[in-house]
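Put chains B, C, D and E on the given structure of chain A with help from the hints.
Chains as they are written, first to last, in my numbering: chain A, 628 to 736; chain B, 17 to 533; chain C, 222 to 904; chain D, 1076 to 1577; chain E, 110 to 305.
Simulated from the structure, these hints should not be mistaken for laboratory data.
All residues carry an ideal CB built from backbone N, CA and C; glycine is no exception.
Some clues are possibly wrong.
[What the hints assert, rightly or not] Between beta-carbon pairs, the in silico distance windows are:
hint, chain 1, residue 1, chain 2, residue 2, range
1, B, Ala-66, C, Ile-255, 39 to 49 Å
2, C, Ala-874, D, Val-1278, 36 to 46 Å
3, B, Arg-47, C, Asp-294, 42 to 52 Å
4, B, Asn-48, C, Asp-858, 50 to 60 Å
5, D, Val-1119, A, Arg-721, 30 to 40 Å
6, C, Ala-874, D, Trp-1501, 22 to 32 Å
7, C, Ser-855, D, Ile-1116, 51 to 61 Å
8, D, Pro-1537, B, Asn-48, 25 to 35 Å
9, C, Arg-252, D, Lys-1535, 56 to 66 Å
So you can see what is in the structure, the chains are spelled out below.
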Amino acid sequence: MSLEAMLIIAALLFCIGLYGALARSNVIAVLMSIELMFNGVNLTFVALARYVAPAAIQESIASVLTGQVFAVFVITVAAAEIALGLGIVFAMYRSNGTVDLTQVAEMRN
Amino acid sequence: MLTGFSGLLTATVFLPAAGGLVILLAVRGDRNIRWAAALVALADLVLALAVFVVFDRSEDAARFQLVDRLFWISSDTVNASYFLGVDGLSVPLVLLTGLLGFCAVLASWHVNFRLKEYFFWLLLLQTAVMGVFTSLDLLLFFLFWELELVPMYLLIATWGTGRREYSAMKFLIFTILGGASMLVAVVAVFISPAAGTFDLVELLESGSWLAGSGGAVLPLAVLFWFFFAAFAIKLPTWPVHTWLPDAHTDAPTAASVMLAGVMLKMGGYGLLRINVGLFPEQVQLFAWALMALGVISVLYGAVVTIRQTDLKRLIAYSSVSHMGLVLVGIASVGVATGEVTATGLNGAAMQLFTHGTITGLLFLGVGLIYERTHTRHIPDLGGLANRMPLVTVAFLIAGFASLGLPGLSGFVSEILVFFGAFAAFSWPTVLAVLGIILAAGYILWMLQRTMFGPRREQYDHLSDANFVEAVPLVLMVAAIVIVGVYPAVLTDVFDLGLEPLVSAINQTASLSPVAGR
Amino acid sequence: MVAEGLVWAIFLLPLASFLVISLVIRPFFNRYAILSGLLLILCLSVSFLLSIYVLWQHNQGATLDYAPHRWLDLGPATIDLGLLMDPVTAVMLVVVTGVSLMVQIYSLGYMKGDAGFCRYYAYMSLFSASMLGLVLSSNVVQLYAFWELVGISSYLLIGFWHHRPAAAAAAKKAFIVTRVGDVGFLIAIIYLFFRADDFAAAGLNALHIPDIWQAAQPVAAGGAGILAGIALVWVCLGIFAAAAGKSGQFPLHTWLPDAMEGPTPVSALIHAATMVAAGVFLVARFFPVFQESQQAMTVVALVGAFTALMAATMGLVMNDIKRVLAYSTISQLGYMMAALGLGAFGPALFHLFTHAFFKALLFLGSGSVNHATGTFNMRYMGGLARYMPWTYAMMLIGALSLVGVAPLAGFWSKDEILASAWLTGGPLAANARLLVFAMLVLAVVLTAIYSFRMIFLTFHGNFRGGGQHEIADARLTPSPAPDSVSEEVHLAESPRVMVAPMLFLAFATVVVGYLVNPQWVKSFLGIPKHWITEYVSAALPYGHPVLPDFSFGMALISTVLAVSGIGVAALLYLVRRPASSAPTADPLERAGLVHTLLSQKYYLDALYDDLVARRWFYARLVAAVDRLDRILDSFVDLLGRETSRAGRVVSLAQTGQVQLYGTIIVLGSIIILAVYLFAGAGG
Amino acid sequence: MTLHDLYLVSPQVALAGLGILVILLDLCVRRKALVQGLAIIGLVAPVALGLAQFIDLEQSGVANLVPAASILSDSLAVDRFSLFVGLLVLIAAAVVFLSATDYLDRIDRHQGEFFGLALFAATGMTLLVGATDLITIYISLELTSLPLAALGAFLLTPKSSEAGMKFLIVGAISSAVMLYGMALIFGASGSVTLEGIAAAVNVSAGSGLPFGGYAMLLGVALVVVGFGFKLSAVPFQMWVPDVYEGGPTPVIAFLSVASKAAAFGLALRFFYQAFPGAELEWGVLLAVLAAASMTVGNLVAIAQYNIKRLLGYSTIAHAGYILIGVAAVAQDSATSGFAAIGPASVLFYLGAYTAANLVAFGAVTVIGSRIDSDRIDDYAGMVRRSPILAIALALALIALIGVPPTGVFIAKIYVFTAAFNGGLAWLVVLGVVNSVVSAYYYLRVLRVMFLQEPPTPLEKIPVSVSSQAALVIVGAAVIWLGVAPGPVLNAAEAAVAVLLGG
Amino acid sequence: MFLQDLAFWVIAVVAVGAAVGVVVVRDLFRAALLLALVFVAVAGFFVLMSAEFLAVVQVLIYVGAISILFIFAVMLTQDVRQGNLPNRLQIPAVVLPALLLAAMVFTIFSTDWTPIPEPQRGLADLVQTQSVGPVENPALQRAGITDPAQQSEVQSAGLADLLLGKFVLPFEIVSVLLLAALIGALALARGRQGAG
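Just chain A, same shape as in the assembly (with noise of 0.2 Å):
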C-alpha cells in the first residue's frame, strides 16, 4: 500500500466513472456513476492528505486534516447533488415519461 497505489485505484474508480456517466442511457446509472467519480476524487484527497506533507505542516500540525475537511464537504455536496438529482429525475419522469438519456432529447438543433 503507498501513495501511488491508492491514487491508481482513485484514479481508476473516477474513470470507471466516467465511463459510466457518459455510456449509460438510464439517468439513475449516470447519477451513480456520477458517485463513482466523487468517491475516486475523496479517495485521492485522503490519500494525499495521508501521504503528502501539506505546506503549512510546519506552522499547524492540523493542516494536515485540510484533505479529510475536503473530503468531508465532497461526500455532503454529492449527497445534497443526488438528492436534487433525483427530484428533477422525477420531474423528469413525470413529465417525459421516460428516465431514459436518450429519449431525453427534445431540444437540439
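Chains B, C, D and E only, in chain A's frame:
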C-alpha cells in the same frame, strides 16, 4: 492640449438627432412631421453654413477651430474626450452634409408610412455623419462612424424597394466589417506606448508617435492597412465595392442621396484624415498600391457602369469609378523625387465635395423619375425631357458635371487629381484619364435613353417637379455651378487643412530612408 | 488701349444672354419666346461691333496686354482667367461674332414656331459665349474649359430635337468621339503642370499659353528650353489629338456627318464655321510649340492632307445635302490643318476665315432648300433654281468659292495653301511635302465634282417630289424615312429673314478675299497686300516660315483643275442625268465596289461602332468585366452562405444527447492536456 | 466567529435569510405579488450591506476588509473586486425579479421557492467572487449550480425538466472533473488557499513544465473544465442552448448574466491570485478558449430559429469576448500603466453585457409569456404589437453587436485594448471578425421585428408596469454605459487593483 | 504491514470490481447494490488511511442514505425501466476516460510528491487517526509527544475544530446548500400545475 467649448459644432452635430427625437415623440400629423423635419434640416444647414463662414481662414488662424471639448472617459487606462473641432478639411464636408441633409429631407416628401420613424432615422444619420466629420477624438470618431449603421440599415430595409432586406444586410455586413477593421486599428493606435491617446490633434501634430516602429503594438504598415480597409469599403474601392450598387438600388431616394452624397465621403475623409495624417510615411510607401486600386476602380467602375440598365445601379457604379479618383488623388503623395504638393490631396478632397453634390443631384433626379414612372429600368424610360424639363435640366447638369465638364464642379476635382497624381505615377494617371471618356459614354448614353428619344404615351401624364421637389434640385445645381465657376471658395479652405498633412509628409520623407526612393 | 472690360464684354454679353434666357425668359416668359432670339441678336451685334473695334484698335498698334485673374492657385502654377489678345484672337472674334450673328438672324425664320425656341437660343448663347471664351483664353486650362463647353453646346445643339433618336445618338457620338481627342489635350496639360516646377524656375507659369510658347523655344533662340525632344512631340500630339477631334480630322472625323442631325443653322455655325475650326485654332494657338517639332508638324500636315482627300471622296457619293457639306467641311478643315503643318500659318487662318463665310452660306442655303422641299435628300430635289432663285444664286456663289474659282474668297485662301505646299513646305521633308501637295491638289478636283454634283442635283433638272415622295418611297422599304423628313413641300423662296443673312454672307464671300487679303495688288481700298496673313503671323513672337508670294502658275493650275472638276460633274449630272429614268439613280453607282466603299464611309463607322465599340468593347471587355463583378459579388454571398453553413455543420453536434455534451467536455480537456504536455515537453 | 466576521459575510447572510423569508412568506400569504415584492425590496438589504462594506473599504484604506486574524481570512476576501461583481449579481437579480412579473403566472403556486432558490443561487455567486480557498470555491460553485438546476426544471414541462436534467448532469460531471483537478492542485501545492498555491507555484517554478509540475498542470487543466462549464466557454458550452431553450426565461436571464459574472470573477481571482507567475501558461489557454468560444458561438447562432437558443449561443460568444480580457495579461506590466486593463476590461464588459443581456431577456420574457413562443418568426411585426418591447430588444441586440453608443461597444474597445496590451493582436482581429458575423444574426431578429408584417388581426402585447420599469431603467443603463462609461470604468479599475499584487 | 497490504489489495479488487459492475450490469437494482459495495470499500480505504471519521461519514451518508435513495429511485421508475442500456457513445466513452486515466497515472508517477517529513510524521498520524475528538494524553505519550506545546497543538487539531474554525465559512455555506437542495427537490416533487 486643445480645450474650449464654443457650442456651435455641438449644435450642428446634434441638432438633427435632437430634432428627430422631438419629432418622434411630440409631433403628430404627416404634414407637420414633414415640415418639422424640413425645418430641423434647414436649421442645421444654416448652422453648417455658419460653421463654414465663421471658420477663420487667415494666415495665423489655428488649425483646428470651433473646438468643443469635454471630458468623456477618463480612467487610469482609457482616456477619451468628447472633442469636436473643424479644420480646413472638414469644414466643407460639414457644409456638404448640411446641404445634402436638407435636400434629403425634402426628397422624402412622398414617403407615406411610418413617417416619424423615417425622419428620425434620417436625421440621426445626419448627426452621425456630422459627427464623423467633426470628431477629433479617435474613439468618438469611431463611435459616430458606427452610429450611422443602424439608421441606414433600417432606412434601406424598411423604406427601400426591390431586394431591400438583402441589400441592407449586405451594406451592413460590409460596413461592420470595415468598422471592425478600423476598431482594431483605433485600439492599436491607442495602446501603442508612443501614442497612448485617442486625441487626433495630438497624434497629428506631435508626429512623434510614429518615431520608431517599435512604438506600436502592430507594425505601422499593418495599422495603415487596417484603417485603409475600413475607409476603402466605405469609399468604396474595388474590389470591396459590391455592396454599393445593391444598397443604392434598393434604398429610398433620400437614403441614396445621403449614402452617395455624404456617407461615401466618410471613407475619403478618413483616408485623408487618418491614413494620410497619421501615417505620412506609410502612405508614401504604399502610394503605388493606392494608385493601383484607384485606377482599377476608376476604369473598372466605368466599364461596369456602361452595362447597367437600372438607373440607380448605373449611378452607383459610376460612384465607384469617381471615388476611385479620390484614391488616385491621395496616391499623389507617392512622388519619387521632390516635395509632395497639396494638389492631388486637394483634388481628392474636392472630389469628395463635388461627387457629393453631383451624385446627390443625380439620385434626386432618379428619385423624381422613379416616383412618377415607377420604373428605373432604362429601356423602359425615354422621352421624359418633354414632360419634365426641370428635372431634365437638373439631370443634364449633374450628368455633365459628372463627366467632368468645366464650369461645373466635377472638372475642378478631376483636374486637380490628375495634376497631382501625374507627378507621382505618370502612366497610371494617363490610364485614369481615359476613364473620362468612359464617363462621357455612360452618362450620355443614360441621358439619351432616359430623357431623350421619342415621346411615350404612357408618360404623357407626368408632371414636372413641384416646388418642394425643385428646391433641392436648385440648391444642388447652385452648389455644382458655384464650385465649378469659383472653386477657390473650397480649395482655399481645403488647403488650410491639407497643407499641414503635406508638410508632415515632406518632413518624414526627409527624415526617413523612404526619401531615397 | 482698349479697356479690359470691353474685351470681356464680347464674351460676357452672349453669356448674359444665356443666363437671362435660361433663368428668366424660359421659365417665366416662354410665351414671348421671340424675345430670346432678339436678345441674343442684340448681344451678338454689340459683340460683333466690339470685335471689329478691338481688331481695328489692335491693328492700330494698341497694346492689349491684360493681367490675368487668378482662378485657382496650384503652387508652382496657377490657373488664371485671362485674355490673350493677339491677332489670331482678334480675327477669330470677328469671324465668330459675325457668322454667329448672321446665323441667329437666319434662325429667327428657320426655327419659327419650334417648341424649343427659347432653348435653342439659350444653347446658341451658350455656344457663342463658350466659343468666344475659347478664343480669348490665355490659360491652357481656361482654354480647355471653354473647349469642353463648346463641345457640350455642340452636344446640346446636335441633340436639340432630342425626341429624334438619330439626333440624340449623333449628339452622343459627337461628344464622345471629340472627347477621345480631348483626352490627349488633357494629358498634355497635365504634363505641362508636371513640369510646373521647371517653368516656375524660369519665372514662367506652366499653364499660361505665352509662357508655354517660350518654354518650347530652345535656349539659343531666347526661349526657356523646357519643352524639348520627345516630350515636346508628345505635348504637340496630345494637343493635335484634341484638335483633330474637334475639327473632324481622320480618324476622328466620323461624328461630324452625323452631327448634321442638328438644326441646319447649328450646322452652319458650329459644324462649319466656328467650332470645327476651333481645332485649327488650337493648333494655331500652340503654333510656336508645334513649330519646334518637325515630327509633330509632319503628322499635322499629313493627317490634314489625307483628311482633305478622303473626306472629299466620301462627299462624292452622299445624297444628303448636309452630309455633302459636312464632308466638304472636313475636307476643308484638312486643308487648314495641312497648311498649319506646312508652316503656312497665315494662309491656314485666312482659309479658316473665308471658309467660315462661304460654308455658313452653303449651309444656310441647304436649310433654305430644306425649308422648301421638306427633305435634305438630294435625290428628291432637283429643279429648284426656278422656284428659289435667290437661294440658287447664293449657293452657286458659295459652291464656286468652295471649289476655288477665281475671284471668290475661297480661291485666294486655298491658293495660298497650295502655293505654300508647293513652294516652301516649312519644316517638312521634301517627300512628305510633295505627298501633301499631291493629296491637296487631287482634293481640289474632287471638291469641284461633289460641289457641283450637289448644285446640279438640287437646282437643276426636274423636281423629284421632295419630302412627300421620300416618305412614300420609304414606305416600300423596311427602313423608315429619317425624322427630319417632312411632308410639307412648298416650293417657294424662303422668307426674307432667312435670305438676308445669306445675302450678307454671299456678299462677304465675294469681297472678303480682297477686303482682308488682297494678293495681287499692293493695296486695295487702303488695305495692304497680304494684310491678314501678315497680321496674324505677327501673333507668332518666335517667327514663322516665309510665305510665298502670289503665284499665277499655281492659280492657273488650280483653276484648271477646278473647272475640269465642274465639267465632270456637269457631264455626269447635267448631260447624262435626264436620260436615266429612275429619279433616284446616281451615275456614280456604276462605280460598283468603289461606290459602296465610299458610301459606307470606308467602313470606318462600322469599324468604330460595330466592331470596336459593340463587339470588342461592349460585348467582350464590358461583358467580361461585368462577369467579373458578378463573381466578386457572388463571392461575398458565398462567404455569407458558407459561414452560415459552417454554423449549421458545427451545430450538428448539438444532438440534444446530454452525454455527448459530457463527452465533448472530456474531449476538450484531454486536448488541452495534450497540448500542454507537448508544449511542456517541448520546452 | 466574531461579530466582525459576521459583518463581513452579512450581505450573503442577508441574501440567504431573504431567501428563507421569501419562502416562509409564500407559505403564509395568498397574494403572490407580495412575495415578488419582498424578493425585490428585500434585496435592498444585501445591497446596502455591500455598500456599507464598500464605504468601509474606502475609509479604512485597506485592500481587503477581512483581517488576517479572522477565521475567515483563508476562505474569503471582501474587497472592491468581490463587491463589484457581487453588486452586479444583486442588480441582475433585482432586474430579473422585476421583469419576471409577466412570467410568474406559470409558476403560480411555488413562487416562494422560485425566488428563494434564485436568492440562494445569488448567495453562492456573491460568495464565489470572494472565495479564496478551493473548498469555499467548490462549495460556492455548487451553491450556485444546484438551485439553478432546480430552477431550470421548475416548470415541470418536458422541456423544462430536460433543461434541468441536462444542466445537472453536465454540471455534475464537470464539477467532478474539476474536483479531481482541485485534488491534484492540493496535492501538488499542499495547500487549498490561493495564496498557498501561489507560493507553491513560485517554489516549483523553473522545472520547465507549465505550472511547475505535471500534477499542477493536470490539476489546472481539469479545474478549467469546471470553470469553463460555468463560463459557458467552448468546449464546455454544449449544455447552453438546450438549457436556455427549455428553462424558464427569467431563470435563464439570471443564469446568463449573474452566474456568468460570478464565474468570471472567480476565474480572474483564481488565475491572478493562485498563478501570478504563470500567466503565460494559462493566458494562452484562455486565449484559445476565447477564440473558440467566439467563433463557435457566433457561427452556430446564425443557424438558430429560437430566440432563446440564439441568445444562448450569443452568450457563448460573449464569454469568448470576455475571456479575451482574462487572457490578456499585461506582458510587461512594470512599464506601462496598463497592468490592470485586462481584468478591468473583464469587469466592465461584465457590467455592460449584464445590462444588455438583461434587457434582451427582459423583453424575451415578456414576449414569450404573452405569445407563448420563442420562435423568432413569431416576433414578426413586434414593433407594432408592442413598441417598447421591440425597441428594448432592438437596443439590446444592437448593444450585443457592439455598436455605439452602448456599453458593450466601450467594453469591446476596452477588451481589445487589453488584448493588444497582452500581445494578443490575433485575438483582436478574430474578435472583430466575429463581431461582424454576430451582426448578421442579431439583426435578423431586428429585421423580423421591424420589417415583417405582424400577424393579423393585430394583437397588442400588454406589458406590466414592473417589466416596463425594468426595461426602461436597464435600457437607459445600456446607453449610459456607452455614453458615460467613466464611473463604471474607474470602479472596475479600482476593483482589480487587488488582483495585482494588492 | 502485510496485513495492511493484504487488506488494501482485497479492498482494491472489491472496489474496482464493484465499480465496473455498477457501470456494466444491466439490472439497475443490482447496480445500486454494487454501488453500495463500492461505498463500503471506499470506507475501508479510509480506515486503512487512518481516516476513521471519514469512514464513518462515508458509511452513514453514502451507504445509509444515498444508496437507499438510489434504490428508491430505481424502484419508483420501475415501470419504465428498459434496463440500463448503454447508449451509442461506447467508443468515445471508453477511449476518453482511458486517455484521461493514462494522463492521471502518468501524473501520479511522474510527480515528486512531498512526503510528510519525519519529525511530523508521527504527529500527523496521531492527528489524523484521532481526528474526531481531543487526543487523550496516553495516546500522546505513546506517540512520544512530551512537549506541552506540541501536545496542546495536537489536541486542538481536530476535524471539528477545523470545520467550525478555519473552515467555518464553507461549513455554513454547505448548510445553505443543503437547504437549497432540499427546497429544490421539494419544489420539483410538487407535481404539475393543476394536477396536484
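Outcome of the hint check:
Judged by the Cβ atoms, the range 39 to 49 Å given for Ala-66/B and Ile-255/C holds: they are separated by roughly 46 Å. Under the hint 36 to 46 Å, the C-beta atoms of Ala-874/C and Val-1278/D, about 42 Å apart, fit the expected range. The beta-carbon spacing between Arg-47/B and Asp-294/C, approximately 49 Å, falls within the hinted interval of 42 to 52 Å. Distance hint check: the CB atoms of Asn-48/B and Asp-858/C are about 43 Å apart, inconsistent with the given range 50 to 60 Å.
Between Val-1119/D and Arg-721/A the beta carbons are some 38 Å apart, a value that agrees with the proposed interval 30 to 40 Å. A hinted range of 22 to 32 Å holds for the C-beta pair Ala-874/C and Trp-1501/D, which are about 25 Å apart. Look at Ser-855/C against Ile-1116/D: about 59 Å separates their beta carbons, and that is inside 51 to 61 Å. In this structure the supplied range 25 to 35 Å holds for Pro-1537/D paired with Asn-48/B, their Cβ-Cβ distance being about 30 Å.
Checked against the hint of 56 to 66 Å, the C-beta distance between Arg-252/C and Lys-1535/D comes to roughly 59 Å, which is consistent with it.
Of the numbered hints stated above, the single one contradicted by the structure is hint 4.
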